[in-house]
Amino acid sequence: MRNLFTIFTLALCTVTGAGPALAAGAAKPASHGTIVAFGDSLTAGYGIRESEAYPAQLQRKLHQAGYQWTVINAGISGETSTGALARVDWVMKLKPDIVILETGANDGLRGQDPDLAYRNIDKIVSTLQSKGVVVVLAGMRMLRNLGPAYTGKFAAIYPRVAKERKVILIPFFLDKVAGKEGLNLSDGVHPTAKGYAIVTETVYPYVVKAIKQKGGA
Amino acid sequence: MVNLRFIVRQMTGAKRQCAVFILCVALSMITLVSLGSFRESVESSLLRDAQSLHAADIIVRSHAPLPSATEQEIATLVQHGQTKSARYWDFYSVVQKVKGEGSLLCDLKVVEPGYPFYGRVLLRSGKPLAEVLKPGTLVVEQQLLDRLRLQPGDSLKVGNATLVVRDVVLQEPDRPVNFFSLGPRVFVAAADREALGLIGLGSRVEHVTLLKVAHQKDLDTIASRLAATTDETRVRVATYKNAGSRVKRFFDNLLFFLNLSGIFTLLLSGFGIQSTLFALLKEQERTIAVLKALGAKSRFIIGHFLAVTLVLGAIGTLVGLTGSFLLQGFLPSLFSGLIPAQVTLQISFNAIWQGMLIGLLVVLLFTALPLYRLKEVKPRAIFGKEDAAGMWSRSTWIIAGLGALFFLSMVLIRLRDLKTGLYFMLALLGLILVSYLLAALVLRLLRKSTPGSLALRQALKGLFRPHNASLSIIVTLSAALGVIFSLTLVEKNLDASFITSFPPGAPNVFLIDIQPDQKEGLARLLGPGARYYPIVKGTVSAVNEKPIDPEQERKSRGDNLGREMNLTYRNELLADERIVSGGTLFRKDWGDALQVSVLDTVLKMHDMKVGDSITFKIQGVPMTARIASIRTRTSSGFTPFFYFVFPPDALAGAPHTIFAAVRVDKERISALQNQVVDQFPNVSVIDLTETVVIFGRIMGKLSTIVRFFTSFSIVAGVLIVVSSVFATRYARIQEAVYFTILGARRSFVLAVFTAENLLLGLVSGAIALLMSQVASLLICRKGLDMEYRPYPADSLLLVAGTTLLVVAVGLAVTLPLLRQKPVTFLREQSDE
Chain A
1 MRNLFTIFTL ALCTVTGAGP ALAAGAAKPA SHGTIVAFGD SLTAGYGIRE
51 SEAYPAQLQR KLHQAGYQWT VINAGISGET STGALARVDW VMKLKPDIVI
101 LETGANDGLR GQDPDLAYRN IDKIVSTLQS KGVVVVLAGM RMLRNLGPAY
151 TGKFAAIYPR VAKERKVILI PFFLDKVAGK EGLNLSDGVH PTAKGYAIVT
201 ETVYPYVVKA IKQKGGA
Chain V
1 MVNLRFIVRQ MTGAKRQCAV FILCVALSMI TLVSLGSFRE SVESSLLRDA
51 QSLHAADIIV RSHAPLPSAT EQEIATLVQH GQTKSARYWD FYSVVQKVKG
101 EGSLLCDLKV VEPGYPFYGR VLLRSGKPLA EVLKPGTLVV EQQLLDRLRL
151 QPGDSLKVGN ATLVVRDVVL QEPDRPVNFF SLGPRVFVAA ADREALGLIG
201 LGSRVEHVTL LKVAHQKDLD TIASRLAATT DETRVRVATY KNAGSRVKRF
251 FDNLLFFLNL SGIFTLLLSG FGIQSTLFAL LKEQERTIAV LKALGAKSRF
301 IIGHFLAVTL VLGAIGTLVG LTGSFLLQGF LPSLFSGLIP AQVTLQISFN
351 AIWQGMLIGL LVVLLFTALP LYRLKEVKPR AIFGKEDAAG MWSRSTWIIA
401 GLGALFFLSM VLIRLRDLKT GLYFMLALLG LILVSYLLAA LVLRLLRKST
451 PGSLALRQAL KGLFRPHNAS LSIIVTLSAA LGVIFSLTLV EKNLDASFIT
501 SFPPGAPNVF LIDIQPDQKE GLARLLGPGA RYYPIVKGTV SAVNEKPIDP
551 EQERKSRGDN LGREMNLTYR NELLADERIV SGGTLFRKDW GDALQVSVLD
601 TVLKMHDMKV GDSITFKIQG VPMTARIASI RTRTSSGFTP FFYFVFPPDA
651 LAGAPHTIFA AVRVDKERIS ALQNQVVDQF PNVSVIDLTE TVVIFGRIMG
701 KLSTIVRFFT SFSIVAGVLI VVSSVFATRY ARIQEAVYFT ILGARRSFVL
751 AVFTAENLLL GLVSGAIALL MSQVASLLIC RKGLDMEYRP YPADSLLLVA
801 GTTLLVVAVG LAVTLPLLRQ KPVTFLREQS DE
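Top to bottom, those sequences are chains A and V. Sequential numbering of the first sequence, starting at 1, is according to the UniProt record's numbering. Sequential numbering of the second sequence, starting at 1, is according to the UniProt record's numbering.
Since the hints were derived computationally from the structure, they do not count as laboratory data. A few of these clues could be false.
Stated by the list, open to error - For lysine-lysine, the following DSBU-like pairs were computed, each having C-alpha atoms within a straight-line distance of at most 30 Å:
#	chain 1	residue 1	chain 2	residue 2
1	A	LYS153	V	LYS97
2	V	LYS519	A	LYS131
3	A	LYS212	A	LYS194
4	A	LYS93	V	LYS519
5	V	LYS519	A	LYS123
6	A	LYS153	V	LYS157
7	V	LYS546	A	LYS194
8	A	LYS180	V	LYS157
9	A	LYS93	V	LYS546
10	A	LYS212	A	LYS131
11	V	LYS99	A	LYS153
12	A	LYS176	A	LYS163
13	V	LYS604	V	LYS546
14	V	LYS666	V	LYS97
Throw the hints in and build the complete structure from the sequences for me.
Here you go:
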């Protein structure tokens with residue numbers, strides 16, 4: 001019976017999720033600002049060490065380039081956009097200057113109506129913007145097996161919010177990583193450390209753009 | 001030289017003892033043969049179940065197409081006729097209605113015609129799947145039709161293809177193994193795979209190749225050959241034997257318990273045989289003494305009595321075999337539903353000859369000591385002045401040693417595990433030793449007491465009459481009752497943790513990801529029966545300040561600390577929880593320090609105890625908590641459980657979701673799902689009805705079977721009570737006569753005997769209860785790895801019941817004696 005329940009909890013865990021993590025300590029350095037990586041397991045770094053997930057890699061890359069910014073990993077595995085919306089106030093406690101918002105993938109994996117994800121993301125973005133936060137929205141695409149009708153509607157969410165709310169859009173967060181063997185864990189969905197190196201490269205220019213928009217240097 | 005007349009006379013002279021002896025042998029035969037046949041049937045059906053649970057002998061799974069080397073190997077195997085293969089692709093997809101609005105997430109299974117190799121996909125039309133599932137068609141679960149308001153014959157858009165629903169699937173052999181599903185099942189023919197356009201780069205699809213081997217003996221070789229073709233971790237090769245179906249643990253526990261009760265019944269019958277024979281020989285002591293005085297050698301006497309026991313044993317075996325055959329008519333109805341219909345339950349010849357051999361061994365073993373004792377009967381016993389022989393001569397030790405060896409080998413053969421076997425033997429030896437010590441202690445205490453009532457004083461005297469058998473009777477009775485009590489207690493516990501874990505009202509529908517502000521609205525929808533559990537996500541980052549490495553953790557075979565955990569908060573225990581360490585859920589005397597209560601399952605992943613510290617990362621915040629208590633679950637049903645429980649104020653601020661469990665009638669589930677999707681689109685509904693129903697049914701059956709086999713040992717116990725009271729019969733006749741001659745009334749004699757039996761029963765019952773509580777606790781906790789409950793009321797009932805039985809049997813034996821005139825007895829005495 002216990003085995004049975006292990007399966008149950010494991011399954012539950014893969015669809016629901018996990019706690020966020022601080023990539024580089026909660027303390028904000030005296031320098032230039034805070035970026036909060038707000039997302040699901042793809043942000044949290046499901047199945048790998050925290051130091052290898054993209055927020056930690058991004059911070060290292062920013063530091064190398066002379067941007068003394070802190071990147072906080074606030075990813076929760078399995079979280080849907082509804083969960084993210086409920087967590088905005090909590091995220092605001094981290095006093096972010098910039099938020100990289102990566103959410104919606106779990107909505108898609110559960111086949112939830114893309115309109116719901118659209119409404120949630122729109123609301124998150126507007127709430128963050130109203131508090132003076134610069135938002136970088138990570139575009140997401142849904143797995144091909146869900147069918148063209150669904151994936152089409154899903155992929156349209158992000159450009160639509162970006163256009164309507166005038167936020168910086170990363171066209172596809174997992175560009176050059178999704179579906180590539182060796183860049184993903186054996187579950188075929190979550191990137192490895194190598195995969196995250198590419199994700200970091202993808203995200204980096206948009207974050208620099210956001211930093212500039214914020215007026216930092 | 002065997003004197004047949006002597007043998008016949010011995011048997012007709014002690015009809016009742018002979019009857020008990022025969023019954024004991026017959027009982028052990030029935031148990032052995034039935035259990036043997038049942039075991040073989042269950043094992044073969046278990047393997048069949050395992051095959052059908054996986055639909056194949058070998059299962060190769062991967063998240064991507066198989067590496068070419070593996071494909072090549074499979075092709076070679078198929079070409080050489082060593083295996084047959086069938087592939088299927090399992091994935092989620094959102095299907096669209098063709099007419100009108102509507103879409104639904106479904107669990108697709110695109111199957112090749114060979115699927116399934118074992119078991120059967122049950123369709124509403126009753127037709128085989130391969131016949132219905134032609135290219136261009138779909139077979140779906142009823143739930144899909146309900147939720148999209150469709151009829152068979154309607155079309156559905158799946159990927160790029162438009163397919164027609166042809167039939168409804170009712171049951172799928174391998175569904176219980178992959179029971180966790182977010183959407184209803186849809187079967188698609190493999191021929192339509194390309195047309196769907198859903199499998200390829202950017203898809204998440206489970207690629208499964210099923211293999212059926214031509215010869216079962218090649219199973220492991222072929223599996224390891226396939227595994228050797230690739231070192232990629234994403235390719236997983238399993239056989240139906242090692243894939244570990246979760247039903248197997250129940251069956252393992254059941255078989256273990258049945259074997260245990262089988263061996264115990266054998267042991268009890270052995271005790272019965274031995275004490276009957278002792279009683280029989282006791283009555284024949286003078287005859288034997290006379291024979292010896294006339295020059296008969298011990299060998300002659302032992303030989304003849306051995307012949308008597310062998311004849312009785314043979315009759316018992318025959319009775320037992322007949323009984324077993326009669327029982328077979330009853331077994332199939334008992335086991336129906338548990339064993340697939342195609343397995344015919346029949347007496348296996350293996351079981352018969354094994355049973356006969358073991359039966360013979362038991363007879364020989366348990367008669368050895370009483371027969372050997374015949375050597376020690378001296379001719380002067382004619383005068384009734386024989387000294388009691390020393391209890392533990394060298395020969396006794398040898399016979400006892402042989403007995404122990406025999407049972408050890410029995411246990412080893414049956415349980416197939418040296419360690420368990422040794423524990424079992426040690427426990428048995430301990431049982432007899434403890435019975436002996438406790439019985440001796442109680443008797444010594446009783447001897448010193450002088451109660452006021454004359455009848456009671458006489459009863460006490462009776463216990464210590466010369467050549468008394470009180471000690472050996474109490475030892476036999478308490479050991480036997482101890483075994484029966486233990487079986488009863490273990491059965492009750494099995495019942496509590498397996499069967500009643502699946503009560504008719506158990507939750508079958510689970511809702512995940514409810515947001516706190518949706519709880520009220522959802523509660524209106526679900527009604528009053530639902531239970532809600534707050535869930536906060538978090539990870540364990542260190543235990544006692546030693547960091548946890550998720551990659552290392554994930555290498556462990558079971559659950560591990562490397563994954564993200566569902567944490568919860570509350571101040572009270574759940575109905576099926578118990579504290580095993582720490583006293584209370586949280587400590588009041590620890591001040592403001594953060595506390596956590598840990599489920600004992602976690603202790604298997606990592607060593608920890610009350611007072612240790614665990615560091616969590618909860619929503620980005622590191623939090624170190626001290627372990628205030630360790631909990632365990634007392635049931636194994638589908639109730640949610642949590643590894644880590646915090647006090648509410650500690651996590652109240654953290655964002656959380658709510659998990660709900662509720663019982664919903666099967667017909668209402670689709671409607672409920674539609675309502676939930678309409679009002680709370682972010683909430684996912686998981687329906688486990690099928691699994692809950694199947695488990696509930698299996699568990700109910702198991703309990704019947706367990707009870708059935710335990711009843712054998714209870715009958716054996718009754719026989720022991722009867723035979724041990726018989727053993728004192730001769731001494732009682734004497735006493736009854738003397739009491740009557742001295743002018744005692746019948747009622748007084750009756751009172752004395754009743755008091756004596758009452759004492760015997762109570763003392764044995766109490767000793768038995770004490771031992772059985774310890775024994776069943778050990779069996780439950782160590783042997784079956786489950787929670788133990790002591791059942792005090794039932795225990796007291798057991799003691800009362802057995803005491804009553806001893807008194808009743810005692811009266812039944814004594815009453816006819818009281819009706820005899822003393823003079824008859826005295827005349828018989830002087831005749832000898």
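Do the alpha carbons of LYS93 (chain A) and LYS546 (chain V) lie within 30 Å of each other, as the hint requires?
Given that 30 Å is the threshold and the Cα spacing comes to 29 Å, the pair holds.
Please verify whether LYS176 (chain A) and LYS163 (chain A) have alpha carbons no more than 30 Å apart.
Since the Cα atoms of LYS176 (chain A) and LYS163 (chain A) sit roughly 24 Å apart, the hinted pair holds (cutoff 30 Å).
Proposed proximity, LYS194 (chain A) with LYS212 (chain A) (alpha carbon, max 30 Å):
holds, 28 Å
LYS546 (chain V) paired with LYS194 (chain A) [C-alpha distance capped at 30 Å]
holds, 27 Å
Is it true that the CA of LYS519 (chain V) sits at most 30 Å from the CA of LYS123 (chain A)?
holds, 21 Å
Going straight from one Cα to the other, do LYS180 (chain A) and LYS157 (chain V) come out at no more than 30 Å?
Since the Cα atoms of LYS180 (chain A) and LYS157 (chain V) sit roughly 28 Å apart, the hinted pair holds (cutoff 30 Å).
Straight-line alpha-carbon gap LYS153 (chain A) to LYS97 (chain V), limit 30 Å:
holds, 16 Å
Is it true that the CA of LYS153 (chain A) sits at most 30 Å from the CA of LYS157 (chain V)?
Holds: LYS153 (chain A) and LYS157 (chain V) sit about 16 Å apart, inside 30 Å.
Is the hinted pair LYS99 (chain V) and LYS153 (chain A) satisfied, with a Cα-Cα distance of at most 30 Å?
holds, 19 Å
Next pair to validate is LYS93 (chain A) with LYS519 (chain V); report whether the Cα-Cα distance is within 30 Å.
OK: LYS93 (chain A) and LYS519 (chain V) at ~25 Å, within 30 Å.
Does LYS546 (chain V) sit within 30 Å of LYS604 (chain V), going by the straight-line distance between their CA atoms?
Distance ~17 Å between LYS604 (chain V) and LYS546 (chain V) Cα, so the pair holds.
Is LYS666 (chain V) close enough to LYS97 (chain V), meaning Cα to Cα at most 30 Å?
Holds, at about 24 Å.
The structure agrees with every numbered hint stated previously.
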